[in-house]
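Position chains C, A, G and X with the ligands relative to chain U; hints supplied.
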Amino acid sequence: GSGGGDSKAGAAPAEVRLGFFPNITHATALVGVEKGLYAKHLGSGTTLKTSTFNAGPAAIEAVFSGAVDATYVGPNPAINAWSKSKGKAIKIVAGAASGGVFLVVKPGITTPEQLKGKKIATPQLGNTQDVALRYWLTEKGLKADTKGGGDVHIVPQENSQTIQTFATGDIDGAWVPEPFASRLIKESGGKVLVDERDLWPNKQFVITHLIVRQEFLKEHPDTVRKLVEAHVEANDLIKSDPAGSARTANAALQKLTGKALKPEVLDSAFKNITFTDDPIASSLVTSAEHATKVGLLDQVDLNGIYDLKILNEVLAAKGQSPISDK
Amino acid sequence: MAADTHARQIAGLDALELAPARRAGLLTRAWAGTWPVALAVALVLAAWELVVLAGWWPEYVFAGPLTTLTELGHRLGEAEFYQALTVTLRRAVVGFALAIAVGLVVGALVSRIRPLRRAVGSLITGLQTMPSIAWFPLAILLFGLSESAILFVVVLGAAPSVANGLIAGVDYTPPILLRAGHMLGFRRLTLYRHVILPASLPSFLAGLKQGWAFAWRSLMAGELLVIIANRPSLGEQLHFARELADSPGLLATMIVILVIGILVDRLFGLADNALRRRWGLHQVTA
Amino acid sequence: MAADTHARQIAGLDALELAPARRAGLLTRAWAGTWPVALAVALVLAAWELVVLAGWWPEYVFAGPLTTLTELGHRLGEAEFYQALTVTLRRAVVGFALAIAVGLVVGALVSRIRPLRRAVGSLITGLQTMPSIAWFPLAILLFGLSESAILFVVVLGAAPSVANGLIAGVDYTPPILLRAGHMLGFRRLTLYRHVILPASLPSFLAGLKQGWAFAWRSLMAGELLVIIANRPSLGEQLHFARELADSPGLLATMIVILVIGILVDRLFGLADNALRRRWGLHQVTA
Amino acid sequence: MTAPLTEQAGGRVDGQQPAVRLQAVSKTYGQGKASLLALDNVALDVAPGEFVCLLGASGCGKSTLLSLVAGLDAPSAGRIDVDRRRIALMFQEPALFPWLTVSANVEMALRAKGLGKRERRARAAEYLEIVHLGGFGRKRPHELSGGMRQRVSLARALAQDADVLLMDEPFGALDAMTRDLLHDELERIWRERDLAVLFVTHNVREAVRLGDRVVLLSSRPGRVVEDFPVTLPRPRRTDSAEVAEQAGEITQRLRAEVMRHGAAPNRVPQEATPDGP
Amino acid sequence: MTAPLTEQAGGRVDGQQPAVRLQAVSKTYGQGKASLLALDNVALDVAPGEFVCLLGASGCGKSTLLSLVAGLDAPSAGRIDVDRRRIALMFQEPALFPWLTVSANVEMALRAKGLGKRERRARAAEYLEIVHLGGFGRKRPHELSGGMRQRVSLARALAQDADVLLMDEPFGALDAMTRDLLHDELERIWRERDLAVLFVTHNVREAVRLGDRVVLLSSRPGRVVEDFPVTLPRPRRTDSAEVAEQAGEITQRLRAEVMRHGAAPNRVPQEATPDGP
Ligand SMILES: Nc1ncnc2c1ncn2[C@@H]1O[C@H](COP(=O)(O)OP(=O)(O)OP(=O)(O)O)[C@@H](O)[C@H]1O
Ligand SMILES: Nc1ncnc2c1ncn2[C@@H]1O[C@H](COP(=O)(O)OP(=O)(O)OP(=O)(O)O)[C@@H](O)[C@H]1O
Ligand SMILES: [Mg+2]
Ligand SMILES: [Mg+2]
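Chains as they are written, first to last, in this note's numbering: chain U, 1 to 326; chain C, 1 to 286; chain A, 1 to 286; chain G, 1 to 277; chain X, 1 to 277.
Just chain U, with the same shape it has in the complex (with noise of 0.2 Å):
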């Protein structure tokens, strides 16, 4: 199906319809739609139709079937299309945010050996933050099985239930991304014992980018282009307010999902995430020879699965220097 692509390569769509989740790690999109600026560069020939879902799974069930032109997604999400459809259903153009990925443990857990017998969990098995404990974890000479099992006890849930099971000392630690991280933090006591952030060369990693159908892309190159230079336009203004922009996608969030995040666990995610059109390839791939490592995945050649010609044309009209997609 080619949905939204109703004209000839080339030609601008009627229509382009673009995805992400009410979620801070995408505030990118989130400050994007709200201050108008997808639909200030698509200009008047074609409408922005925007989707949320709830989580990747949905996002790209969307994309496969043409339902979404491009969207914003995680990582795995963005693997998983890419090793699904043998390298020919997306893209990544663009990178959004990078870190706001934590440890979080009860008080009395200071060092890794600590560890022994607990009970940590994680967003999902195989997801990046598992895949990164996991590895992590070896790293320090623990064993976790797939199965749960080992010196450490993995427990992959949902992150609102990790808020509960945390409260209520089922678990005694996650590995989970903002806001669910500094809600720990905040209200239940949880400390900090790895910033994953400091994990990584330059202190980052990917958690959120831009992807696109190929099939959209190729037919439509001028109107991917207007999306990133939004998506660009939009990330330099949370660079340069992020105050503003945070109560911009709080606004965005109170909208889209009917609760807006608390004050203080708004800031303190924020502050934890950088916004960068960078989509740090390194740690993509990185992450992904690591989940082959510890058993989650299956060999898979992300070799094309970046497309940043388009970002770095519209970053030097700017005059910033060119990203790599290596």
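Hints in this document: simulated from the structure, not taken from any laboratory. It is possible that part of the hints are untrue.
Residues from chain C shown here face chain A by an in silico Cβ test under 7 Å; the list is partial [to be verified]:
| id | residue |
| --- | --- |
| 1 | 46 |
| 2 | 47 |
| 3 | 50 |
| 4 | 83 |
| 5 | 125 |
| 6 | 129 |
| 7 | 130 |
| 8 | 134 |
| 9 | 213 |
Label-pair restraints from in silico Cβ distances [claimed, not checked]:
| id | chain 1 | residue 1 | chain 2 | residue 2 | range |
| --- | --- | --- | --- | --- | --- |
| 10 | X | 192 | C | 176 | 26 to 36 Å |
| 11 | C | 55 | U | 296 | 36 to 46 Å |
| 12 | G | 185 | C | 263 | 53 to 63 Å |
| 13 | A | 176 | C | 266 | 21 to 31 Å |
| 14 | X | 234 | C | 101 | 55 to 65 Å |
Backbone N, C-alpha and C fix where the C-beta goes; we use that ideal spot for every residue, glycine too.
Chains C, A, G and X with the ligands in isolation, oriented as in the chain U frame:
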């Protein structure tokens, strides 16, 4: 006379079971209908408050009645709540209506055509056990990100119940009535319309009730499929309340869902009472 | 004799409707039971393959029957599949059994005690419409990360159906049988045991069938609640298949769920046939 | 009008406490305009060991009266006293439990007595033998003919071993032969057990054949219009001349009663007449 | 044994095509050991416009025979031909639709004829009037007495306006008076419409009062054992001496037939005897 009077013999529960319903005054009846509900609500609230006061869990994990009701009151004061309610109810009604239509046709065909029944009869229950999320990819493939995708999931959830209710009713139609209908010259469609359908009505109604429950649950899941901007829905609210581990929000949404479920049950109850009155079943158990 | 014979008058569908079931040979009957199913499966596979051949969607979005069946065969060859199946089925059976017990007790009480019915009768349908995910937080609070939490969700999903089935059956018990039971000296519990329960059996069975569907769906959702070490489950597999956008995996899991649903329906079908034979309902519609 | 009848009925009790006593019993079905006065100010006594037959046009309230006595329904006015005894009621329909075999249906009547399973089965077989259905115990109700079902229902009522037996057209669906045989059986059991029987029938000869008294009900509202004592010596035979003669008399009276209501005896009265004309 | 009877039955047709013809009809219920031969090699003709009454002990297969003729069941052997005519069957039970009012129940019989709603209602009212239930049209079946329900069922059967009318103990639950009135009505309608009637009853007088022929069935297996022509001039009266006399004769024969089967006429035969002794 020392003999026991019957009034005493059938006292208590049995009197209740067998005595005919005497029409009491309107006020008395209203009161009889209200106090048990009021009492039940009061008991639940009290127990809930007690649990919270016991302090087993922090309030942000398990909100107390006060917090929850405040949250609910807050929501009731906002236009968004009513928008969400309208959107969800509209979807539920449309989806359910479609499911009834589909279920009726499928149930009617399957119940009377033997090879078809052999072929796909069991499939109906099979489909019923299929969780909604399994249909999501197909729904999106077929309908894209549209209302239709939601309705598709709702129909797939509810239609099997409706069909199964009808089939059960048909199977348990008293043979003597079928024979009577046959002798009156009714065949196939007319037999269906004049004999089988009315005779199956009680069972069909039960199927509808179950179908509504399936439809509603499927809807709650399905509303996450397509989150349409500026069109809030109950399913979405439920999900986000949970996603954000927002205990008062979750409990408030649960109350709303419960209340809707109860109201719908009352509607079914009215239909059911009318039916039983017609069939002369109310006299004994009323 | 030029007159129409009856054989001709009741030809076709009506003969099927009204003629008594003649017991045919074992082989003939087996064949009559098999060919419609075989045909249905063949038709579905053919249609599926056609859709895939038409190429509307790439294979990674909507896997064809060959890919899916290969994937399924692959799974069937692995021990993990059988572990998952065992775990899930055990949970389903235990949860369902609990739900039946709870549903029976609640249904029996609510159907016969009038104030209770007024108070919580409608709540049953209310609870039935509550999506499983709404119960997750409560399940965890009450049972921690354990099997019990899963069972809790399953019971809450299925028990209302069972109770509602029983209540419907009780409401539609023919008054004459209640009166007969009363005259035989049965009261309350004995009336229940000897008259009302058996008379409600058809409706109760229908309720059980719906209850199973609810139990199964709740289980599929609930199995994500507590992913326990070394214990794979069907619900988990379904979820992961979707999570990983793994179309063949998802379809294979759906087939497994469908087959289980169909088998369970057959079990219910057997019970139902036995019941109808007893009641003398098979003669006309068989 | 009913007062002398009450005395007449009461007079037959001979000082003994009646097994069943109805005093000024009325029964109205429904409410408002659609209401129907089925029984009006009925007084009736049945002495222990007495066999009372009830006659009346179709729809005059006979079944209603039995279900009031059985306690299945409450009278709208008046008072019903039943001596502390077990009552059995044989309904106008067979009212068998379709999910039980014929034998099990009869056994249900024996459950209340706390008999063992085997004992119950043996007793049920005896009763089925009495109604000439020996050997049909393992069939199910739907496999029986109408008359056979009625006999199972009779066996069940007899098996209850009650002190007061209410019977609503128990032999209506039976051929004359079987009926005669069952008359003998019923009479024997009534004698042996010293039963009080209230027996509804449309067959006047049957009433005379069996009853100590034949009570005639009027139509809509049902009232006791006549109470015929039957003093013929027992055993009586349905086709004997004496029975025929008395039956003829009663039929005359019945005919007059029905005629009094006009050619269409079952028209709904324009208004319920709570106290009669 | 049945061969001469067949001829006797066939002889009455006088060259005309019979409305109903049964030839060597047998019906077995069930299978194997539990099987029961309900009808055995029955031959019977009913001429157009003929009124045939069927007598027999309880459970001898009368209802089975009617449902075979009505086409509700298929014979196990033999052949049933019904002249291209509409058949109406009044069941032994009332078989009313509980969800419909009395009037609507009767109207159902008129639907097949494509009458308009108002016309249907008017006609239904007429038929209810005929069975003396005028004014009860808006009640529901459960609000009627047993005999009233039976009359509604009669009204429904009459309303069908069929050419062949099968009636299974239609007046079993009625008092003698109402019965007499309905006999007259039925006879009138039979005359006017030139109906072929097959009428099951346990009342021998009723059979003689109404029938052109009275056919006697034996018990288990049901066979035609005798075919009495009734030549009394019409109009006849149930309580007339002639009717009583002929009824007496038939009763004698019936009694002999039942006796032939022993005191317990309804014992299950040890083995099904497909071809008779
Ligand atoms: N449940 C009911 N609701 C309303 N009216 C009723 C009900 N039962 C009986 N009636 C009415 O009460 C009157 C008496 O009914 P009942 O059944 O007692 O008559 P019956 O004497 O037994 O007649 P039959 O000989 O025909 O059985 C009838 O007119 C009937 O319509
Ligand atoms: N559906 C059935 N299944 C098995 N046996 C049956 C069935 N219907 C009738 N029978 C048997 O067939 C025989 C004849 O039954 P049928 O109903 O024709 O008798 P009937 O002459 O109408 O008796 P009655 O005067 O008591 O109504 C009976 O022995 C009965 O047990
Ligand atoms: Mg009666
Ligand atoms: Mg019969």
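Hints breached by this structure: As far as the earlier hints go, 1, 2, 3 and 4 are violated by this structure, in ascending order.
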